[in-house]
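2 protein chains.
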Amino acid sequence: MNQMIERVKTSSQKEKPSVDALGFGKYFSDYMFTMDYETEKGWHSPKITPYEPLVLDPSAMVFHYGQAVFEGLKAYRTDDGKALLFRPLKNIKRLNLSCERMSIPTLDEDLVMDAIHQLVELEKDWIPNGEGTSLYIRPFIIATEPYLGVRPSHSYKFMVILSPVGAYYSGQLNPVKIYVEDYYVRAVPGGVGHVKTSGNYAASLKAQNNAEELGFEQVLWLDAKEKKYIEEVGSMNIFFKINGEVITPKLNGSILSGITRDSVIELLKHWDVPVREERISLEDIFKAHANGDLEEVFGSGTAAVISPVGELKWGNESITVNDNKIGQLSFQIYDTITKIQLGRADDPFNWTFEV
Amino acid sequence: MNQMIERVKTSSQKEKPSVDALGFGKYFSDYMFTMDYETEKGWHSPKITPYEPLVLDPSAMVFHYGQAVFEGLKAYRTDDGKALLFRPLKNIKRLNLSCERMSIPTLDEDLVMDAIHQLVELEKDWIPNGEGTSLYIRPFIIATEPYLGVRPSHSYKFMVILSPVGAYYSGQLNPVKIYVEDYYVRAVPGGVGHVKTSGNYAASLKAQNNAEELGFEQVLWLDAKEKKYIEEVGSMNIFFKINGEVITPKLNGSILSGITRDSVIELLKHWDVPVREERISLEDIFKAHANGDLEEVFGSGTAAVISPVGELKWGNESITVNDNKIGQLSFQIYDTITKIQLGRADDPFNWTFEV
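Residue numbers (my numbering), protein chains in the order written: chain L, 81 to 435; chain D, 81 to 435.
Since the hints were derived computationally from the structure, they do not count as laboratory data. A portion of the hints provided could be inaccurate.
Copies of the same chain are indistinguishable here, so a pair counts whether it falls within one copy or spans any two.
What the hints assert, rightly or not - Lysine-lysine pairs mimicking DSS-like chemistry, simulated, CA-CA at most 27 Å apart:
id: 1; residue 1: K286; residue 2: K173
id: 2; residue 1: K286; residue 2: K121
id: 3; residue 1: K286; residue 2: K170
id: 4; residue 1: K106; residue 2: K121
Just chain L, same shape as in the assembly (with noise of 0.2 Å):
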C-alpha cells in the first residue's frame, strides 16, 4: 500500500543549461524526493519539495561510518517526446540489495517507483534534447542520526536527484586505454563490492588517479586474493570476444551485478550469440590475444553504456584488442541498447517504461 508523496511548490525555477554545457552530475533539477527514516516510526513523509541543501548535524553517521547506498539510471526523450526510463524497477531491487548488505532498513519498492515516476514527470522539461543526453537520476540513502557509537544509524534519509547529462561520446565511440591495476584493490568476496555503497568508490580513487596519471583512462580490477582474476574495469562491467564467444567474469561475491551488463548478457543471448559467465584469469585473455583469438572487449554501464576497449596494460606487457577500433559486435550492442533506450527500436524484453 503506497503512502501518498506529498508535494511542496518551488517559488522559483532554475535556468537550464546549454546541452554543450551539460558535462555528468553538474547540474541538479528544481525538484527532489525525499523521505525519512526513525526506528520507531519505519520509513515516513514521502515528499516531492524544491531542491534545497540538506541540514545534517556534524555528528551525523554518514560522515564517520559510511553508511550509504545509492542506484544511477537515467530518463531519455524519445523523438516523439516521451519520457524513458530503462529497467528502472532492476535499480530498485538492487538498491534493496545494498540496503541489506549495509544494514540499512529497505525501501517499499513499489513507493519508490512511484516516487521516481511522479518526480521525473513532473521534471520532465529537465530531460535534455541533444542526442545522446538524458536525465540522469540518482536515488540515494544516506544514515542522519547524530551519534558517534559504530553501530546501524537509527534514522537515514533517503532522496532522489535528478541531473541532466551530456552526450558520454562526442562522435563516434573510442576505445579507452586501460591499465591493469595489481597492487591496489577494489574488493574481495565477503565485503561489500558487489553492492553500490560509497566507500567502495572512495576505495577506487587512488588507482585510478594513478592510472590516469600514466596515461590510461581506466583501471581494470582484478580479484583481491591471486590478482589474476578479472574482476571490472573502472566501474563498468567488462566482456571479452574470444573466436566469436562472448565471455565476462561471473558475479562472485566483489564484482558489481551491472544492469546494463544484463541487458548485453540478455541481448547476446536473444541474438543467438554464444555468451558465458566464468571466471576469468587476465592471462587467459593475454593469450588469447597472443592465439589471435581475442576479437573485442568492451566495458558495460549506465553513463557509457558500452566503452570499447582498445589496449590493455599488464605490467610491462601491452595489447592492442582489434586494432584499437570498436568491434562489430560492441558497436551493435551500443546501437541496440541505446535505441531501445530512446524508443527507436523495438523492446521485445519489456526494458523501457514510460513516464
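Position chain D relative to chain L; hints supplied.
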C-alpha cells in the same frame, strides 16, 4: 607556518549532561573547529565556531562516493584539574595517512595540533569529572563538492567535534565473548582497511549485528584471502599471551595501526615482556589453548583501552580464556596506560600532552 585560527563566540551555552547520562558519542560541546579546502586555495579559513549543523548540497560527494576519513582520541581530566591528551600527534599523522590513501589533500600537522589544543582548552569544562570519563575528540574530513562524477572531490571540510563520554567499564573489566566471523570480511591488502575511512565501518556492521544476535559482543575478523589468519576484533587490535610471550597480528595492509596497540607494544618492551608482531593463524591459537599455553587474550583501542576476551567461538568450537577472567598482564597494561592518561603515573614515554 600556522594560519591564525579565527574564533566566533557562541551566544548560548548548552547544559552539560550528568556523568551517568553520558554514554558514548551522544552529546556534543558548545564549539567546533572547521577548515575548508578548495583546489585553488588549499586548506583555508580555520575557525572555532559554535557547534552547529552542516549545510550541504544533496549531491555533496561524501554522500555518494564516501570520501571521508576520521580520527578518535581523548582528553582526560587529571586529579589536579589539568587536561591531558594521549599521543595526539600519532592521530594527526594517521589522519594524513588516511588522507593519502583516500585521495584527500593532507593537513598541516602543526595546524591540526593547534586546532585540537585551542578547541580543548576552550572547552575544558566539558571534560567530565567522573572516574573513567573523558572528552572524546573526533577530527574528520568529508568531501563536499556538489558533483556526481567519480573522481576525488575538489572541495573538503575538516572538522573537530568534542563529545563528553562516560566510563567504558562500570566496575571491573568484564571479559567479552567473541564470535569468529568466517564469511564476512573487514578488509584485504590493497584495499583501505589499514586507514580510518568511513566505509570500513559501514562494511563491518552486518557481521557485528549477526554476532550480537548470536549472543556475542564482538566479531573476530580473519584475513580475506584464506580466512585463517587473525586481523582485528570489532574495531580493536588484538593481543594473545601464550606461554609468557605476547603476540599480535603484524600490520599487513588490512589491519588498522592502532595507537593503543602501539602503546601496548612499547609498554611490554619497556617491561621486558617478550612481544612479537607476526602473522597468527586462529588454528595456532586454538592449539595453544588445547596445550594449556593460551594465558590471556585482549583487544586494544581508544574507547576501552584494554578489553579482555573471555571466550572465542569459531564454527562449532569454543574456547574459554583464563577462566573468563581478566588476565594479570591485561590488567597491568590497562592500569598503567589509564594511569598515564590521567597523570596518575610516570610517563617515561612522553605520551601525554598537557593542554
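Verification of the supplied hints:
For the homomeric pair K286 and K173, the shortest alpha-carbon distance between copies (19 Å) is at most 27 Å, but the shortest distance inside one copy (30 Å) is not. Taking the shortest Cα distances, K286 and K121 sit within 27 Å of each other only across copies (22 Å), while inside one copy they are farther apart (40 Å). In this assembly of identical chains, the alpha carbons of K286 and K170 lie at most 27 Å apart only when taken from different copies (23 Å versus 30 Å within one copy). For the identical chains of this complex, K106 and K121 are inter-copy neighbours only, at 21 Å across copies versus 34 Å inside a copy, given an alpha-carbon limit of 27 Å.
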